[in-house]
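Use the sequences and the hints to build the structure in full.
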Amino acid sequence: MTLNSLMPVLPELVVVVGAMLLLMFGVFRGEDSTPIVEAGALVVLAIAAVLILMQPSAPAELFGGSIVIDAFARFFKILILIGAAAALVMSMPFWRNHKLNRFEFSVVVLLSVAGMMVMVSARDLIALYLGIELMSLALYVIAAIDRENVRSTEAGLKYFVLGALSSGMLLYGASLAYGFTGTVSFAGIAAAAKSPSTGLVFGIVFLFAGLAFKVSAVPFHMWTPDVYEGAPTPVTAFFAAAPKVAAIALFVRVAITAFPNITLSWQQIIVFISIASMVLGAFAAIGQKNIKRLMAYSSIGHVGYALVGLAPGTAEGVSGVLIYMTIYLAMTLGTFAVVIAMRRDGGQIEEIDQLAGLSRTQPVMAFVLAALLFSLAGIPPLAGFFAKFYVFLAAIQGKFYALAVIGVLASVVGAYYYLRIVKIMYIDEPAQRFLPMPKPVAIVLALSGIFTILFFVYPGPLVAAANAAAKSLF
Amino acid sequence: MMTVPAFFFYLFSAIAVASAFMVIAGRNPVHSVLWLILTFVNAAGLFLLVGAEFLAMILVVVYVGAVAVLFLFVVMMLDVDFAELREGFLQYLPIGALVGFVFLVELVLVVGTWVVGPGIASAIKAPIPNAAQVTNTEAIGRVLYTTYVHYFQIAGLVLLVAMIGAIVLTLHHRVNVKRQSISSQNARTRDTAIEVVKVKTGEGI
Chain P
1 MTLNSLMPVL PELVVVVGAM LLLMFGVFRG EDSTPIVEAG ALVVLAIAAV LILMQPSAPA
61 ELFGGSIVID AFARFFKILI LIGAAAALVM SMPFWRNHKL NRFEFSVVVL LSVAGMMVMV
121 SARDLIALYL GIELMSLALY VIAAIDRENV RSTEAGLKYF VLGALSSGML LYGASLAYGF
181 TGTVSFAGIA AAAKSPSTGL VFGIVFLFAG LAFKVSAVPF HMWTPDVYEG APTPVTAFFA
241 AAPKVAAIAL FVRVAITAFP NITLSWQQII VFISIASMVL GAFAAIGQKN IKRLMAYSSI
301 GHVGYALVGL APGTAEGVSG VLIYMTIYLA MTLGTFAVVI AMRRDGGQIE EIDQLAGLSR
361 TQPVMAFVLA ALLFSLAGIP PLAGFFAKFY VFLAAIQGKF YALAVIGVLA SVVGAYYYLR
421 IVKIMYIDEP AQRFLPMPKP VAIVLALSGI FTILFFVYPG PLVAAANAAA KSLF
Chain B
1001 MMTVPAFFFY LFSAIAVASA FMVIAGRNPV HSVLWLILTF VNAAGLFLLV GAEFLAMILV
1061 VVYVGAVAVL FLFVVMMLDV DFAELREGFL QYLPIGALVG FVFLVELVLV VGTWVVGPGI
1121 ASAIKAPIPN AAQVTNTEAI GRVLYTTYVH YFQIAGLVLL VAMIGAIVLT LHHRVNVKRQ
1181 SISSQNARTR DTAIEVVKVK TGEGI
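In order, the protein sequences belong to chains P and B.
Residue 453 in my numbering sits at position 453 of the first sequence, and the numbers go up by one each step.
Position in the second sequence (first residue = 1) + 1000 = my numbering.
No lab work stands behind these hints, which were simulated from the structure alone.
For glycine and all other residues, C-beta sits at the position ideal for the given N, C-alpha and C.
Watch out, some of these pointers could steer you wrong.
[Unchecked claim] Away from chain B, derived, C-beta distances all over 10 Å, residues of chain P: (1) Met20; (2) Ala49; (3) His98; (4) Val107; (5) Ala144; (6) Thr198; (7) Phe272; (8) Thr361; (9) Gly398; (10) Lys399.
[Stated by the list, open to error] Restraint-style ranges between C-beta atoms, simulated for each label pair: (11) Leu264/P / Leu1169/B: 43 to 49 Å; (12) Leu1098/B / Pro436/P: 42 to 48 Å; (13) Ser1181/B / Glu350/P: 55 to 61 Å.
[What the hints assert, rightly or not] Short derived list, chain P residues pointing at chain B, Cβ under 10 Å: (14) Pro35; (15) Glu133; (16) Tyr140; (17) Val141; (18) Ile145; (19) Gly199; (20) Asp345.
Written out as structure tokens, the structure is:
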């Protein structure tokens, strides 16, 4: 193996080495170095993104085919880097306001990004597991990073215990899949698994249960509301963005490349968790008073919609998932920018009714949030409508009519709680003003607002990139 | 006439099963951990018998040397009243038995349809490299740092995250802690260290 053969994983190496250099810098300079480490982490993410964009479009295999750098992996790596960078940018003013100066936060985020990049490139069960563990362990740490706060500690502990359980299930499934096919590589499993044997189906069920936990799909969603509510808000924004996107990518790659000949065995699992997630996400969010909890249920529902695209197991469906996750990422980051900006002198505000009359106190913020909420509900011509359109279209083409119909019904129910917030902002009597929005947060909100509102003008590049990425799996 | 390997197999496995039983039967948690260590050592002996000396050594080093010692630390440092924990334990028995039964049925179903992959039989017959010429420690070493070097590195990163996490979440920088200062200790002279006090007779200091 020569150094030259490592070129395809250069972005990963940049992230990892960058994380270690920043860690050493932070350790020697102490807590004062936090702003420099944060800026350094953003630079590392930007360099990695540029390197990924410069990579040749032909797929590259490394380490005996256990890591593959194809258009699919590159697409998701860019999304992951954007999600992590946005969360880091929004976290900077948040930590200042809360007197939490921890340079380790940026370092741990970088390492979790490295784990996600391994996940989306993984093409065998061992790389899959190691990527998931690297990501998850970092996430447990940052969930509890506000260690003086009982809620944050509880969120970290809860996430850790349940995450360990899900890793156990995933490993059990992986070992069954290995035992019944004699190989860990996805391509090898696909070749060996021509017909479903009971043991292999058992393995798929456990494997998918572990993955469903990581994407927080029903019935493995229980941790999500508690962790999202307890973790510091920028950490929640990060959780809802990058790791979810990476886990969905892994889910798609495992289903499509490892089990293409026995689609009937896993389609029913996907259809079930997709319907359950959409329905629970729509109904459970209605009664929520805390906006972070509401966003948790909203993200559960959105995972359900994204999985609708995976159910047919076609290239159109996968392309729909990619478009869905891109738009979901933009909408979620924008919404969390507003949640982070909900501050008064007394501290962070999380109650939804405190948004009352925002249209009169802070009209621009209210307008962008309203647009994001309309988009999350899936109302045309905003981006969220197109996201749902592509996945439902793929489901109908794949003859999953019931799935598509239930999805549309669930999004009608979901629209109720999104629009309720708009009603609170525009019709109710104004509550007290929030403190002015910090600049970095405003930038994230503006970018995501522009993307969401103007997506319909020029959707071509994203759709073309998603189609090309989806093709690389088939 | 029993052969030597068979004798050791029955010896190790009998002790392993008996001490495993003692782990859950013991009333004193410290005794349980000690029985657990005995189980590990005997399991390592069983691995040795089948020629997996690397696994045997890892079992002793990692499980006895690290995990069991960690258990002992936790059991001894946390003053947990295990008798109290066990109170009302039996009330979970029906549901536990039910779950266990379902799991057993599922396992039987799985094992009942066990199929060996088509390539496995020939793969076992011709292990690479030849087991007669290379010890399995060496065989693992040959691939661990070459073919699977990326797994090794990623696992290292996982450990790095674990270390950072443990430090971030538990290390408190306290003020007013008296720490050892080696340079000032070495810089001490007779003049700075010793003070001559004139004590009046019968009064003390």
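Structure-based check of all given hints:
Some Cβ of chain B comes within 10 Å of the Cβ of Met20/P; the nearest lies about 8 Å off, and the non-interface call is violated. The beta carbon of Ala49/P sits about 20 Å from the closest Cβ of chain B, which is more than 10 Å, so the claim that it is off the interface holds. Here His98/P stays apart from chain B, with its beta-carbon at least about 16 Å from theirs, past the 10 Å limit. A beta-carbon of chain B comes within 10 Å of the beta-carbon of Val107/P; the shortest separation is about 7 Å.
At roughly 6 Å, the least C-beta separation between Ala144/P and chain B is not larger than 10 Å, which violates its mark as non-interface. The Cβ of Thr198/P does not lie farther than 10 Å from every Cβ of chain B; its closest approach is about 4 Å, which violates its non-interface assignment. Phe272/P, annotated as away from the interface, keeps every beta carbon of chain B farther than 10 Å; the closest lies near 18 Å. Thr361/P, annotated as away from the interface, keeps every beta carbon of chain B farther than 10 Å; the closest lies near 38 Å.
Listed as outside the interface, Gly398/P is consistent with that label: its C-beta sits roughly 29 Å from the nearest C-beta of chain B, beyond the 10 Å cut-off. The Cβ of Lys399/P lies farther than 10 Å from every Cβ of chain B, with a closest approach of about 30 Å, so its non-interface assignment holds. Distance hint check: the CB atoms of Leu264/P and Leu1169/B are about 45 Å apart, consistent with the given range 43 to 49 Å. Roughly 58 Å separates the CB atoms of Leu1098/B and Pro436/P, a value that falls outside the hinted 42 to 48 Å.
Against the hinted window of 55 to 61 Å, the Cβ-Cβ separation of Ser1181/B and Glu350/P comes to about 46 Å, which falls outside the hint. Hint on Pro35/P is violated. Least Cβ distance to chain B is approximately 18 Å, over the 10 Å limit. Checking Glu133/P against chain B: minimum C-beta separation of about 5 Å stays under 10 Å; hint holds. Residue-level restraint check for Tyr140/P holds (minimum Cβ-Cβ distance to chain B is 7 Å; threshold 10 Å).
A distance limit of 10 Å between C-beta atoms decides the matter here; for Val141/P the minimum to chain B is near 4 Å, and the interface restraint holds. Given hint, Ile145/P at the interface with chain B, holds; its Cβ is 7 Å from that chain's nearest Cβ, closer than 10 Å. For Gly199/P, the interface hint holds, the least distance from its beta-carbon to any beta-carbon of chain B being 5 Å, beneath 10 Å. Because the beta carbon of Asp345/P sits about 29 Å from the nearest beta carbon in chain B, more than 10 Å, this interface hint is broken.
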